[in-house]
Every structure is written in C-alpha cells, then in structure tokens.
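Modelling step: build the complete structure from the supplied sequences, incorporating the hints.
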Amino acid sequence: MSQQTVNKAEWPLWEVFIRSKAGLDHKHAGSLHAADAQMAMENARDVYTRRMEGVSIWVVESKYVHASDPGEADSMYEPANDKIYRHPTFYDLPDELKHM
Amino acid sequence: MTNSKNMSIQKLLYTLQIADNALILGHRISEWCGHGPVLEQDIAITNTALDHLGQARSLYQYAATQFNALNQEEKKGLFVSSALQSLIAQGKLLDEDDLAYLRDGWDFRNVWLVEQPNKDWAYTVARSFLYDCFNYFFYTELRNSKDETLAAIAEKSLKEVTYHIRWSSEWVIRLGDGTEESHKRMQQAINDRWAYTGELVKMSEADTAMLAEGVGVDLNAIASQWQERVASVIEEATLTIPQDTWMQEGGKEGRHTEHLGYILAELQFMQRAYPNMEW
Amino acid sequence: MTVQSFEKGFNDKLDKELTIEPRDWMPDDYRKTLIRQISQHAHSEIVGMLPEGNWITRAPSLRRKAVLLAKVQDEGGHGLYLYSAAETLGITRDEMFDQLHTGKAKYSSIFNYPTTTWADMGAIGWLVDGAAIMNQVPLCRTSYGPYARAMVRVCKEESFHQRQGFEIMLTLAKGTEQQKKMAQDALNRWWWPSIMMFGPADDNSPNSEMSMRYRIKRFTNDELRQKFVDVTVEQTRILGLEVPDKDLKWNEERGHYDYGKINWDEFWAVVKGNGPCNKERLEARKTAWENGAWVRDAAMAHSQKRKERSSKKEAA
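Residue numbers (the numbering used here), protein chains in the order written: chain A, 1055 to 1154; chain B, 4 to 282; chain C, 25 to 340.
These are computed hints drawn from the structure, not numbers from a lab. Just so you know, these numbers come straight off a predicted model, no measurement behind them. C-beta atoms are modelled at their ideal positions from N, C-alpha and C, and glycine is treated no differently. There's no promise every hint is true.
Said to hold, decoys possible - Going by beta-carbon spacing under 7 Å, a handful of chain C positions derived as facing chain B: (1) 35; (2) 51; (3) 84; (4) 96; (5) 259; (6) 316; (7) 323.
Right, dumping it as structure tokens:
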C-alpha cells in the first residue's frame, strides 16, 4: 500500500530493543513512530519502559532492518540440523569427570 | 497575624507552595490524556503528569504531618474553607486529600504560570518549559535542605524533572525551528506566558523564612541560572526572548487568575458533593 | 513454487499451531481479516481512552487520580502495540486513523455509552475490562505472530485494570448509602452493554467460521459471553449488588447461568452510529488528530533541517 496516499509526513517507524537488566541481551520489544532518533529513544522510554522493563534501549529505523526470506528457510537453517557435534552433549564422557 | 507566624507554619506554607505547583501543573497536563497530537506523545506527556502528581502526593503527605502537629489555635487560623474548618473543629487529623480537595483558591499557593490553560501544544510546551527550567534548579538546590524529608523528595523528584526539562526543551526547539507555522505559534506562546515567569523566582514570605532556616532555596540565586538556560534553548529554537514585559504575581500569597477556580471546581467536585467518604 | 504450494504451507502451519510471521506467504483474506480485526481492536483502545479520560480531572482522591491516569495511558499504549502489529501487514497507522475518522472502521460499541458518575470508572474496569480480558487471553495464542506478541504484552498490563475497577466498586459497595446506590446504578447501566461486547450471537456472526479456521479467533462469541456471565455473577455477590436481569438463574443441567434476552436492536443501533456518544467520541478523536497536524509536521520539518545541516557539515 502506498505510504503517500494519506499523509506524506507520517513519522517514520522504528524498532525498539530493550535490555531488561544488566548483563542480558537487548531484545525486540516492539515498534513506534518518531520524527528522529532522539525522539524515538525517548518515545521508547515512555512507551516501553513504563513498568521498569529496561535499563538500556536501542532504536533502529525499521527501513534499515534486513530480514531473511522465509522462502529460503530450508537452505538457511536446515543444514545446521545434522551438525550436532557443535553441541556439548554430543560427547560421551565418564560421569566421574568433573569441571568440564 | 502575619508577623506572629512561627517557623512550623512557615515550613508548612512552604511545603504547600511546592505541592500546589505540582498538583495544579499535573492536573493541567493530565487534561491532554487521550487528546495528544500523536499517540507516542500522548503517552509521554501523561508520564509527566503522573510525575507531577506523584510529587504533589509526597509533599501533601508531608504537609499533612506538619499540619497535624500544630496546636488547635494555629490550625484554626490557617485555612478558610468551611469544610476544613469543620474537620479541624472535630479534631480530625488531615491527610493528603483533605489538603488537595478541601482548600479554597485563596489557600492555594501555586504560581500563576501553572494554572494557565493548555490551549494548544505550543502553549503547553511553553508552560512546561518555563516551569521545568525553574523546577530543575529549584530541586537541585532543595536537595541540600536541612529538612530531611524535603531533601529526600527533591532528590527523587530531580530525576523526573531532569527528564521533563529535556522533553520540553526539545519541543521548544522542534517547534521554534520547525515550520513557519510552528515557529509563529511557539513564539506567540512564549510571549504570552512570559509575564508569569517573574513570580517563579520572586521570594515569598515563606521562601524568605525558610531560606533563613537553611530549609528553603535562594530563588535569587536560581534566577540567573534560569535565565541562562531559557535563553540558550530559545536561541537554539531560533526564537526571541520577549522584552519589557510586565510581570504578574500573586499566586504565592493566595491571589490567583480566574482559571484556578474552574480547576478546583472540577478537581474537588466529588469531595464537595459527597463529603467524608472513602473512595 | 505455485500459489497452491504456498497455500499448503500456510495451512500446514495453521494445523500445527505454528505462527505466521509478516514475511510469510498468506492468503489475501487472512491479511484483510487480520487488518480489520487488529485495527478495530486498536481503535477500541484509543476511543476507549475517552469515556474514562472524562473523569481524570474529577477523580475523588489523589490516589484514584494517579491510578486512573496510568490506566487510561496504558490503553493508549495498547492501541500503539496493536497499530504496530497491524502495520506489519502493510497498512500505515495514518491509513488506519483515516478509516476510523471517516467511519469506515469500527471500534467497540461499549465506548459509545456515557460515563456519568464516578462509579462508572469502577464498572468499566470491572465489567468492560473483564470482558475484554476474556476476549484477549485466547488471542495471546492467535496464529499471527506480531498480533499474539502484542496481546501478551496487553494482557500482562491489563491485569491491574480489572482489579482497580473491582476495588472501586468494592469501596463504593461497602460505603455509604449514596455510594452503594452509585455502584448499583453503574452496574445497571453497564451490565447489558458489557454482555453485548462479545458481539452478535453465533448464528448471526457471519465471519466467525473463517476467523476460527485462521486461529484469529479461538472461541465463539456465545462461548465467551457465557463464561463472562458465569464468572461475573459470582463477583457481583461479593459486592452485594444485584445483576439487572430478572431471568438470570443457575441452570444445574448446563452447569451455567441462564440469562435474559439481549436487546440486539439496541446493539445494532449503537453499531450503526446511534449510541448516546458516537458523535462525541469520533469528534474528539478527529479534533485531536487535526489539531495535532501542525505539530507532527513541525517535528518532521525540524528533523529534516537537522539532517541537512549535518550533511552540509560533513561535506565541508
């Protein structure tokens, strides 16, 4: 649908990522509209951290997010399925062995 | 009577002065909820209203404690409204709601600036900006109060006010340096609200008494900080500071604009129509 | 791949209760139905701010004032989460606002009733939010990912809304004669509109079947309505108030309450725009939007100026 039809001045869309407490990764919280990055940051604070949900915020204008194509999911992710040797449980070691 | 006001009464009036500013400004800002120019800012400005309201509650709770510690004669001499007089005659202890909902306008000590109507986004931003600049330096100083409760309230409030001043300054700049129309509207709003800024830093009797006690803030010292901050934002916003404006005042002495009466009529309606009930 | 194979992939996901994500292939009517349902839901949150917003300036205590303000603000947040979810389907928020303002999009009819006393804040929180939660909890498992995630957030925040509403009712019901009267009056006025919130009876709800198939609806209108009645009647006992339905009685055989006949004429009248406050609600939304236009434009213009200045600086 054309973005131009209703109002060409609609504030751009931003994706919001929030670190919920020190030491954790930033996680996608949702999106919002803002005229610029600073406002996006503040809007994110006002909209997504009203209940102390965060200690750090990232905002990225949505148009800069590149997403993988779900149609290519098979070739992208299936090949990892048979590489179980990447997981520590693949290795059979004696129970007496500690600290490993 | 004025001369004989002792220090506990001055401190109570001083506390109310700060509390009333917070309540009335919070009340005004809360009128935006559901009517903002864009959803994100509707939510943002409501956060500010909640901050002011929270500050008002802490301060009224403290004021009520101070009031309840006064002797009966002192209590009787403080507030005019029949509702409060009758509670006092019955020997009831007052709480935050009694102070907010049962005093009449002449016992409110907020400055005129905060009771001015929202009008549009520019007027609302102008009012917040001019007040936040004051409030920021005020709470910064009040943290050093000899009164521990006031100092603690200031410490907590300053964090909120630091965000308020950032928000309102940015909007002054955005609107001032935005479109031709927004520039015009922002300048007009600053011009029209300017007359209410002198009172912010004018020492009232309670201000003077509390400064002498090491409890209150020296508003004369804040005046220049306020001016500097306001000037730098206004300049960045490509706006100009109004010159030679007559300064209005009276709020700290209980004289108000016509707006306060209407605010109280709405604010206090339930408590007036259905007195002495739990809600 | 052919359309048929895309469609098979889509249907397989539905059958396996997997979520559909924005970039996945989806049939047109799935997309359309979702946009309609999510935007209608978002509009309901935004219009729903108005009847309660009415009482922010008149709340009877500072505590109630703060709670109400935070609650109405939450509704704005919920609208925002939902608009965002709908935007992932290829419609802009401005377009959705336009549909609301021109009457093309609907919102929940309950908000076209007036809030005339303080007790209405209690009744809305308890009944209207109660009914909404009943609708919304199953939607946390709806098939469309962004919608389900928005609903999880909404439901988490919503839980305090109903509690604060019930607390208001309880305080009134335990209060003076006048307060009790106020509470009963509010229950009388909000009971039937709340029951109607679940939408038309199942035999008169044309889109239901497809929505169930798409897992954007998980229970039928009548199932949810019955659940609401059963739960709420019990809660009314705790308040010591009376449900305004003389036909209400426990049906041992069904294990449910039987309730009286719903006035569907009233329901459709309000849906068609003839509720007591339809015009005021829409007018308030339009006014806010139109009065905000110069503000939104100014912010964009300023951001543009900044960008130009910084790129000039870089060039220099």
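Results for each hint:
Restraint check, residue 35 of chain C versus chain B: the minimum CB separation of about 36 Å is more than 7 Å; hint violated. Proximity of residue 51 of chain C to chain B is violated relative to the hint, the smallest CB-CB distance being about 30 Å (cut-off 7 Å). Among the interface hints, the one on residue 84 of chain C holds; its C-beta lies about 4 Å from the nearest C-beta in chain B, closer than the 7 Å criterion. Satisfaction of the interface hint for residue 96 of chain C is found here, the shortest Cβ-Cβ separation to chain B being roughly 5 Å, below the 7 Å cut-off.
Proximity of residue 259 of chain C to chain B is violated relative to the hint, the smallest CB-CB distance being about 20 Å (cut-off 7 Å). For residue 316 of chain C, the interface hint holds, since its Cβ comes within 7 Å of a Cβ in chain B; the closest pair sits about 3 Å apart. The interface hint given for residue 323 of chain C is met, as the beta carbon of that residue sits about 5 Å from the closest beta carbon of chain B, less than 7 Å.
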